[in-house]
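S.K.: These are the residues of each chain, in order.
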Amino acid sequence: MILVYVETTPDGVSEVSLETVTFARGLSTAGGGVPIDAVVVGPASDGLPAELAAYGVRTVHHADGDDFDRFSGAATATAVASAREAAGSVVVMAGGTNRGMEVMARVATRLGVAMAANVVTFGGLSPFVVTRQVVGGAALEEMQLSQRPAVFTVAGHAVEPEPAAEPGAGTVQALGVQPSPEDLVVRVVSMESAGNDDSGSLKSARIVVGAGRGAGGPDGFEGVVELADLLGGSLGVSRVVTSLGWRPHHEQVGQTGSRIAPEVYIPCGISGAIQHWAGCASSKVIIAINTDAEAPMMTKATYAVVGDMHEIVPAINEEIRRRR
Amino acid sequence: MANVLVCIKRVPDFSGEVLLTEDAQSADARFVGFTLSNHDSCAVELAVQLAAATEGATTVLSVGDADAVEQLRSALGVGCTAAVLVETEPVELGPADVAHEIAAVVRDHEAAGTTYDLVLLGNDAADSGDFQVGIRLAHELARPVVTGVQTATVATGVVRLQGDGPDGRETYEVPLPAVVTVMEGGVEPRYPTITGRMRAKKVEVETRPVSQAPAGSRRVRLSLPPPSPSTVEVLGEGPEAAGAVVDLLQRLGVGR
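Chains as they are written, first to last, in the numbering used here: chain A, 242 to 565; chain B, 22 to 277.
A couple of the hints might just be wrong.
[To be verified] Simulated DEER-style distance windows between Cβ atoms:
#: 1; chain 1: A; residue 1: S387; chain 2: B; residue 2: D129; range: 30 to 40 Å
#: 2; chain 1: A; residue 1: S387; chain 2: B; residue 2: P248; range: 25 to 35 Å
#: 3; chain 1: A; residue 1: T362; chain 2: B; residue 2: F52; range: 26 to 36 Å
#: 4; chain 1: A; residue 1: T540; chain 2: B; residue 2: E209; range: 25 to 35 Å
#: 5; chain 1: A; residue 1: T540; chain 2: B; residue 2: E91; range: 31 to 41 Å
#: 6; chain 1: A; residue 1: G473; chain 2: B; residue 2: R229; range: 56 to 66 Å
#: 7; chain 1: A; residue 1: R447; chain 2: B; residue 2: E227; range: 49 to 59 Å
#: 8; chain 1: B; residue 1: D49; chain 2: A; residue 2: E535; range: 20 to 30 Å
[Unchecked claim] In silico EDC-like links for lysine to aspartate or glutamate, alpha-carbon gap of 16 Å or less:
#: 9; chain 1: A; residue 1: K525; chain 2: B; residue 2: E254
#: 10; chain 1: B; residue 1: K222; chain 2: B; residue 2: E38
#: 11; chain 1: B; residue 1: K223; chain 2: B; residue 2: E91
#: 12; chain 1: A; residue 1: K525; chain 2: A; residue 2: E504
#: 13; chain 1: A; residue 1: K541; chain 2: B; residue 2: E254
#: 14; chain 1: A; residue 1: K525; chain 2: A; residue 2: E401
#: 15; chain 1: B; residue 1: K222; chain 2: B; residue 2: E91
#: 16; chain 1: A; residue 1: K541; chain 2: B; residue 2: E38
It should be emphasised that the hints constitute simulated quantities derived from the structure, not laboratory data.
Since this is a predicted model, take the numbers as computed values, not measurements.
Idealized CB from N, CA, C, for every residue including glycine.
Build the full structure now, drawing on both the sequences and the hints.
M.R.: Below is the structure:
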């Protein structure tokens, strides 16, 4: 049986977790229809079981109560391990988010098995071989997971989330598990909610306007900020922009920043190094603007405009306003 | 007084294309330079800041080949005062092996009288991206571990840590000794001064072998994602292309 650690938002199942359950279904089918269970830790919205049922989940193991009302990777790992034991899972998986990585690493460590991070596909089942991203996604590693359970995280945007052809039962089972005092030592003590300018909105933005070294300095972003505004999108920047202190870190798109998957990404003055590409490769349409027609971002883009972003972007903004 | 051990990894500086070795077992680093991941640079910076704030000392450690001394000297140049190299071929080690080697150094040093209140690592390495060495290390040492940390302050017997959670900024407070994995973005890594570099040259790097044969990474082989030939459609040049861009945006249903 396959167990998926599912992350939640106030609205229901997180996008990455829906992708992960979709991936799990592919694995389940390859294994001849192996059941998929989910484990949810902490407060969950009322519609959550139905949402997971629509994605093919059989049982939702839910750990709730005071012990789980603030995030603790250690306590969550205890809950996942308890669900795994109850259900006899041979695969334990999660989305490749910071939470997912931490929880799966803790689970694998306690069970004395390997953990594969950022899996994009699986190969054979016997032996079980997965392919995962390394070097920020620029290379792929085939890794053998011969121990049981096989533990791994699924890279964000590796699959598109898709409801199951036949829904699962979605039965909720309360997990009567108690974290240990050691678990609760490592627990969030306080949290400041993010405002609209956090990286969360960037990761889920439908439209992203990007800016890189071509901006030229901290004053070079007026045009792209306005374009993002006009299109109802978010601003993303390359790593050089944040390391030079021109823009804050939460706007960074890349291997060590946010991974975005917008409908439209408009990178301006960004050369497109591997570090950055790792963060924007899942964009549906890329319209790149750069003085250098040979820059990797320009050759990898869907569309390109050659020239100075400081001339082109204001012209685009003016044209958008003119047509309204 | 907080003594800190910060663990770093020498990684190839791939900004362009990645090449693989003939046996497809590792990335071909013959034509690239080497560097520290951004997370590791921030870990070094945070370590140096924490030690300075508490009048403690920072030791930098790397598990890697002899060339990793270059990265150790950089860390010494920004304020670490001691360095350890566990000399081995990094490609032979999996994350559990690396954690085990770091734990062995911690145990040996602590048996000889240096206690590490904090062990800092980067959240993940830029090449192998395993996201788990810090957690495995903490398990071996039976110490609490917090991941994804950007800033930290030490008070008596505890460390206060902050990082970005999915819903906002999260604060942890854990008793020392503890293990922390660092995410870039909270501190700005400093550059070595000339005095720093000169001091770094004089420090003797403690070099030691691995403590046990590695179990390995379970890597079957590496491959490269299929290259996509460029199919870019050039819309135009300069501000004159603005019309074509807005036509396209409207076709894509963007920007009303």
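S.K.: Against which earlier hints does the structure fall short, listed by number upward?
M.R.: Number 10 - this is the single hint that the structure violates.
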